[in-house]
Amino acid sequence: MRAVVAVIGKDTVGILAKVSGICAEHNANVMDVTQTIMQDLFAMTMMIEISGLNIDYIDFADKLTKAGSEMGLQIHVMHEDIFNAMHRI
Amino acid sequence: MLNSGDILETIKMIQEENLDIRTITMGISLLDCIDSDIDKACDKVYDKIMRKAENLVKTGEDIEKQYGIPIVNKRISVTPIAMVSAACKGSPVKFAKALQRAADGTGVNYIGGYSALVHKGFSAGDRELIESIPEALSVTSNVCSSVNIGSTRAGINMDAVAMMGKIIIDAAEATKDNSYFGAAKIVVFCNAVEDNPFMAGAFHGVGEYDCEINVGVSGPGVVRAALKKYPDANISEIADVIKKTAFKITRMGQLVGTEACQKLGVPFGIVDLSLAPTPAVGDSVAHILEEIGLESCGCHGTTACLAMLNDAVKKGGVMASSHVGGLSGAFIPVSEDAGMIDAAIKGSLSLEKLEAMTAVCSVGLDMIAIPGDTPADVISAIIADEAAIGMVNSKTTAVRVIPAIGMKEGEMIEFGGLFGSAPIMPVSRFSPSKFISRGGRIPAPLQSLKN
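Protein sequence lines correspond, in order, to chains P and W. Under numbering that gives the first Met the number 0, the first residue of the first sequence carries the number 0, and numbering increases by one thereafter. Under numbering that gives the first Met the number 0, the first residue of the second sequence carries the number 0, and numbering increases by one thereafter.
Just chain P, with the same shape it has in the complex (with noise of 0.2 Å):
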């Protein structure tokens, strides 16, 4: 099972550690990362693997999307299906 995390906010330092770093103490695997700045609008979206995580996934989205709030980003965790559904035939 794979989630996409989408991150979008104004640029800092240490965005991607701090969000690789959540996937790896709870075990997802970062399968793809692009990352485009727009203006200073930092866009990243993410790929990972969730068959491995070690705690619930709900829990583990809900931790990212907190992070996400502390640093003043939005982070964004949804399951692949989502996006496989609306724009593959």
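Be careful, since some hints might not be right.
[Said to hold, decoys possible] Calculated pairs, SDA-like style, for lysine to any residue (alpha carbon to alpha carbon, straight line, at most 25 Å): (1) LYS262(W) <-> TYR56(P); (2) LYS314(W) <-> ILE88(P); (3) LYS243(W) <-> ASP80(P); (4) LYS262(W) <-> GLY51(P); (5) LYS17(P) <-> SER430(W); (6) LYS313(W) <-> ARG87(P); (7) LYS62(P) <-> LYS243(W); (8) LYS313(W) <-> ALA279(W); (9) LYS314(W) <-> ASN83(P); (10) LYS9(P) <-> ALA224(W); (11) LYS64(W) <-> ILE14(P).
Hints were generated in silico from the structure; no laboratory data involved. The structure presented is a predicted model; accordingly, all values stated were derived computationally and were not measured.
Since chain P is already given, all that's left is putting chain W on it; use the hints.
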């Protein structure tokens, strides 16, 4: 691999353009709850709903978190209660109370099916149930009612039409301390559908599964945002943009419905391809029509724009779902749509124009406040006109009007929340009284003879 553009597009739709799943509705058959003892029957109804829908709300919330998409409502529809209450003596209001207990117990926000199907005539239990609607809706808060008074196959039951005008006024009167909300919980249908997930008109038809999940999607804000990117496109191109957007929205509904069915262990019914507005800014069907190029919804050209929108939504959605059903189309409720409210206040949107619009959209005259002194036979005649449009065009039409007792044209009623607010709109001052008092049936039209 997914590209980040697609990912960000989905997130933007949810965060900024109000994309949501409007409802997952569990349809539950109550045919096995029929009993000649009314108290026993009510207990069976309560027990069955609690058993089937125990985990509905929790499952909905889990799916919201899993996919990051809001599911605004979790609801239940049941077999028309008149079919269950017909077997027993005593006031059918007891069933409404049992439904309310079940709504409280399961935590759903509405439960629909305090209904009767009388499109040709009344059978046992139907009259009693219809007469009890005002009381049932005033002693409960989450129970919704509907009555089907006509169909393309059967014609229009004018005795039922005459009755419903009065019932709507009584329901408003009985709930006048609560914004006449009783009237907002009654829908009078022609060609009612049996798998509708939307309230207040949802009931669970007798040809359906014992228990199933139906999903209603939404997304007027997403369609409008998509159209904004094409200020100079011609109408063919606009229709294409709407189709593509409707496809994406519907896929979301299909995914959520499939997942909910799997988790709850019940069969999947349908996805209702609807553009259902809310009073939130940016979630309006009227604003889509204005984005296409109308100065204000209700001006000449509105019916044509709406016909195109409605058709494109269906064309886009139909490929995205394995089973499409329900009402499927664009909704035009006045009080629940910020653009419609503005247009009605400005005077560009009239009851007559809304009636024309119902010939080409999903349902009918919806959430419209009318003056409190409107006679019952005028409301009946409004119902008859709508039913005639539905009957002849083989489509669902409905009337949900709110007579604002003691209030006059131009004043506003506040319902709050998803129900919004409504300016009281004028109705014709001339009387249809003789026509309504004749009773009888409008014979089924030639369109019914398809065999």
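Each hint, compared with the structure:
For the hint pairing LYS262(W) with TYR56(P), the CA-to-CA distance comes to about 16 Å; that is within 25 Å, so the pair holds. In summary, the hint linking LYS314(W) to ILE88(P) is supported, as the alpha carbons are separated by about 15 Å, within the 25 Å threshold. With a CA separation close to 19 Å, the supplied pair LYS243(W) and ASP80(P) stays within the 25 Å bound. Note on LYS262(W) and GLY51(P): the hinted pairing holds, with a Cα-Cα distance of about 21 Å set against a maximum of 25 Å.
This hinted pair does not check out: LYS17(P) and SER430(W) have alpha carbons roughly 72 Å apart, beyond 25 Å. Between the alpha carbons of LYS313(W) and ARG87(P) the distance comes to roughly 19 Å, so the proposed pair stays at or under 25 Å and holds. A threshold of 25 Å between alpha carbons decides the hint, and for LYS62(P) with LYS243(W) the separation of about 35 Å lies outside it, so the pair is violated. For the proposed pair LYS313(W) and ALA279(W), the alpha carbon gap of about 24 Å is at most 25 Å, so the pair holds.
For the proposed pair LYS314(W) and ASN83(P), the alpha carbon gap of about 20 Å is at most 25 Å, so the pair holds. At most 25 Å may separate the alpha-carbon atoms for a hinted pair to count; LYS9(P) and ALA224(W) meet this at roughly 24 Å. For the suggested pair LYS64(W) and ILE14(P), the alpha carbons sit about 23 Å apart, so the restraint of at most 25 Å is met.
Comparing the model with each numbered hint stated earlier shows that hints 5, 7 do not hold.
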